[in-house]
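Participant: So the mapping is simple: our numbering equals the position in the sequence shown, first residue as 1, plus 873.
Hints were generated in silico from the structure; no laboratory data involved.
Every residue gets a Cβ at the ideal spot worked out from N, C-alpha and C, and that includes glycine.
Any given hint could turn out to be false.
Label pairs and their calculated CB-CB ranges [as the list claims (entries may be wrong)]:
{"#": "1", "residue 1": "Asp1310", "residue 2": "Asp1248", "range": "53 to 59 Å"}
{"#": "2", "residue 1": "Ala1070", "residue 2": "His1241", "range": "48 to 54 Å"}
{"#": "3", "residue 1": "Thr987", "residue 2": "Ala1234", "range": "48 to 54 Å"}
{"#": "4", "residue 1": "Gly1207", "residue 2": "Asp1248", "range": "36 to 42 Å"}
{"#": "5", "residue 1": "Glu1286", "residue 2": "Asp1318", "range": "34 to 40 Å"}
{"#": "6", "residue 1": "Glu1180", "residue 2": "Arg1290", "range": "34 to 40 Å"}
{"#": "7", "residue 1": "Pro1116", "residue 2": "Val1258", "range": "34 to 40 Å"}
{"#": "8", "residue 1": "Gly1118", "residue 2": "Ser1324", "range": "42 to 48 Å"}
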Amino acid sequence: MTADRSGPAFSVHDIPFSLHGSWFDISPVVAEKTYAEDLHLVSHQNGMHGVLRLMPLDGASGERAETRVEATPGLLTWTGAAGRVDLAYEAPDTVRLRGEGLALRVCAAVRALTPFSGTYFFRDAAADAHVFTSYETGRRYRVTVLRGTLADTFGSQALGSADRGLTVSADGDADADGRWEIAVEELDTARPPYVPAAPFDKIVEAARNSFADFVDTVAPWRSAATPAAELAAYVIWSATVGPAGLVTRPAVLMSKHWMDKVWSWDHCFNALALAPGCPELAWDQYHLPFDHQDATGALPDSVTHSEVLYNYVKPPIHGWTLARLRQKLTVPLGRTALAQTYDRLTRWTEFWLTARRAPGADLPHYQHGNDSGWDNATTFDPERVVVTADLAAFLILQLHQLAALAGELGRPEEASRWTRTAAETQTAMLGTLWNGDRFVTRGVDTGDTWSSSSLLDLMPIVLGEHLPHDVSDVLAERLEAHLTRYGLATELPTSPHYRSDGYWRGPIWAPATVLVEDGLRRAGHDRLADEISARFRTLCETHGFAENFDALTGTGLRDRAYTWTAAGYLHLAEAHSRRGDDATPPPAETADPGGR
């Protein structure tokens, strides 16, 4: 299917306007859950920082103009009664703006300037431009007037607290059509004076074509039955940044809102969505956290431009991911790639078998809910340092994958060792955590065991074909109790601990959905897997790609432009299309909230 070259329209209050490879976006979201009145240039270098405020002005009065903002992948437009302002990316570090009938004020987002914070503003005589230099991002933002006139500049070279910026408008004598145009560049220290690479309409066309090519590559299977595929692709495309700082490869951030990191399990789902059409980019997503693997074999909790955190880890879903990834990659992995991956996955597995197994213990443990990725799940209410069945299940799948890799690499003794360890781990999991009716959690320090109403307790379904049928049947039955009209609630809706916006204590999440759907399908529970897939796809088509969703209303929660949600949709929609499923979910408006 060929995309409409203009791409899908979207709200910048939900999804930032950006370009593949760029480290900044245009958005009213300037901090966690913080929306400004005007759109800002928001950088993600050295953290998330609103740097420049962009304010259309009424050309006659000079007051802030009331405008409507519209966005498609190549063009952002403010439209007011007197005219319009357009913005488009010329390159990942450069945007162009033009206006007709409206002027534009570009100013520092904050007034305060100290020796260690804020934005300084001055005229760069060498480049005949004006420059904002930001302590927070460590970068400069250069504004060059291409057409029109500077109606005003204010705060140039000012220290302390001051308004700093400029206003551009049409020059009545030079521009009879009443138009102006500027370029805004993000740069390090200096570069030659700006020269336009192409006319404005051409850069809009180039950006649209870049996205259209991406969506054609990533989702060639899309149709009227997958109406959110293009927007899901835009969320991923626009959240991708180029290598910079501590980000060693092209990276899909979780969002260009405040969740602007790569966490060491989120990246797996983005890799799966990208694998069929963009195998190199998918492979980069898979390996990026491994580039920061420490001496013990642990992966970092998260990676971003100027920060790598190791205070927590994330669950070892990487063996499961590798198996799925290799099924989807259109280019087979060479021996060098396999050997490197085997070494990295070995070290990551050994971390769990050594640093996370107490002396004499058969099973590894988490040290906090954050290690599981399910930060505040009710599983962790009694204690935080715990042995859980989900961790054992993920590790078992990783051990099986290592055995397969060792066999391919001609290392039969290692393959046998991994197979044996997988069997021993599964025997220990079933022998110590399965009580015949459910999996329990065990405290490492106390030895106490308990169960909860969290979906986390049912995640061993990821073992799929490796589970005894009687165990998978019980898990499937319990999973149905978590299935609302919109998908899998992470806490039973009937639980006293259920919270509609409780993070992992109720809302629907993409990673849990994808993992459960896959495990059910491999265990032979296709009907339930189909239902979960269908309901989640409808949820995204109705409510977008939020970090998570209210399980009873479907409302998107928290960060509203989350890439692993978009990736989960693409992954499930592509698989649905490939199977040629006829199953469709019940309409969200009429389905039973607790329906199964």
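Participant: Using the beta carbons of Ala1070 and His1241, state whether their distance is inside 48 to 54 Å or not.
Facilitator: holds, 49 Å
Participant: Range first: 42 to 48 Å. Now tell me if the beta carbons of Gly1118 and Ser1324 are that far apart.
Facilitator: holds, 44 Å
Participant: Kindly confirm whether 34 to 40 Å is satisfied by the beta carbon distance between Glu1286 and Asp1318.
Facilitator: holds, 37 Å
Participant: Between Asp1310 and Asp1248, does the C-beta distance stay in 53 to 59 Å?
Facilitator: Since the Cβ atoms of Asp1310 and Asp1248 sit about 27 Å apart, the hinted range of 53 to 59 Å is violated.
Participant: Taking 34 to 40 Å as the stated bounds, is the beta-carbon spacing between Pro1116 and Val1258 within them?
Facilitator: holds, 37 Å
Participant: Between Gly1207 and Asp1248, is the Cβ distance one that fits in 36 to 42 Å?
Facilitator: holds, 38 Å
Participant: Verify the CB-CB distance for Glu1180 and Arg1290 against the hinted window 34 to 40 Å.
Facilitator: Holds - the Cβ-Cβ distance for Glu1180 and Arg1290, about 37 Å, lies within 34 to 40 Å.
Participant: Taking the CB of Thr987 and the CB of Ala1234, does the distance hold inside 48 to 54 Å?
Facilitator: Hint holds: Cβ distance 52 Å, inside 48 to 54 Å.
Hint 1 from the list above is the single one not met by this structure.
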